[in-house]
Amino acid sequence: SQKIEQNSEALNIQEGKTATLTCNYTNYSPAYLQWYRQDPGRGPVFLLLIRENEKEKRKERLKVTFDTTLKQSLFHITASQPADSATYLCALAGDTGRRALTFGSGTRLQVQP
Amino acid sequence: DAGVIQSPRHEVTEMGQEVTLRCKPISGHDYLFWYRQTMMRGLELLIYFNNNVPIDDSGMPEDRFSAKMPNASFSTLKIQPSEPRDSAVYFCASRAAGGLNEKLFFGSGTQLSVL
Numbered sequence: 020s021q022k023i024e025q026n027s028e029a030l031n032i033q034e035g036k037t038a039t040l041t042c043n044y045t046n047y048s049p050a051y052l053q054w055y056r057q058d059p060g061r062g063p064v065f066l067l068l069i070r071e072n073e074k075e076k077r078k079e080r081l082k083v084t085f086d087t088t089l090k091q092s093l094f095h096i097t098a099s100q101p102a103d104s105a106t107y108l109c110a111l112a113g114d115t116g117r118r119a120l121t122f123g124s125g126t127r128l129q130v131q132p
Numbered sequence: 494d495a496g497v498i499q500s501p502r503h504e505v506t507e508m509g510q511e512v513t514l515r516c517k518p519i520s521g522h523d524y525l526f527w528y529r530q531t532m533m534r535g536l537e538l539l540i541y542f543n544n545n546v547p548i549d550d551s552g553m554p555e556d557r558f559s560a561k562m563p564n565a566s567f568s569t570l571k572i573q574p575s576e577p578r579d580s581a582v583y584f585c586a587s588r589a590a591g592g593l594n595e596k597l598f599f600g601s602g603t604q605l606s607v608l
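Line by line, the protein sequences give chains A and B. Just so we're aligned: the first sequence equals residues 20 to 132 in the numbering used here. Just so we're aligned: the second sequence equals residues 494 to 608 in the numbering used here.
In the DSSO-like style, the derived pairs of lysine-lysine whose C-alpha atoms are separated by at most 27 Å in a straight line are:
#1 Lys571(B) - Lys517(B)
#2 Lys596(B) - Lys76(A)
#3 Lys596(B) - Lys74(A)
#4 Lys78(A) - Lys36(A)
#5 Lys571(B) - Lys561(B)
#6 Lys596(B) - Lys90(A)
#7 Lys76(A) - Lys22(A)
#8 Lys78(A) - Lys596(B)
#9 Lys82(A) - Lys22(A)
#10 Lys561(B) - Lys596(B)
#11 Lys82(A) - Lys36(A)
#12 Lys596(B) - Lys22(A)
#13 Lys22(A) - Lys74(A)
#14 Lys596(B) - Lys82(A)
#15 Lys517(B) - Lys561(B)
#16 Lys22(A) - Lys90(A)
#17 Lys36(A) - Lys76(A)
#18 Lys90(A) - Lys74(A)
Because the hints were derived from the structure by calculation, they are not lab data.
Turn these sequences into a full structure, and let the hints guide you.
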């Protein structure tokens, strides 16, 4: 069956360090993968999209990698700040033609000042 | 644009009652999605529409759940009768047609509590 796995354990890091979150998937052949941020009591907010032919994508302090051989995406936040504390969800579409995203369970990031 | 608008923000009801959740997508978006989020199961897709037509409702838990999209600016998700296990946050999301427009825009959600 198709699975998207994110570390369910919260990630605690010190301000200024780089946070690295992992998203692994099985039985998907996604054309792209997306990352979202969710704050308590709010809906997820889109951060980055990376396509299957892209190895890496950057946006300000964010960096995403996508390895279709390993079936894994890594999400990095450099120079982390307490304001980066949130839950981060990865998402990908299923088979060709299915336009809906399936989400991982998310990893909660806590940045300590 | 005001973004995706959901109502009500919170709903508390008793088991057996009918519940109707409402969503107004972003103007011009062709796709509308209903998701449900719980601690145990995370964010699950219930149903999605393309140009007001339901495309995939395989995530709808059972016949007690129904969704409609009578026009491009309004959708409802109805639960009748409601049960305690339906308690969750229900999100509506929309997006534009394909190409580079694959990102979803979510509403703030409806927190449903069925007692």
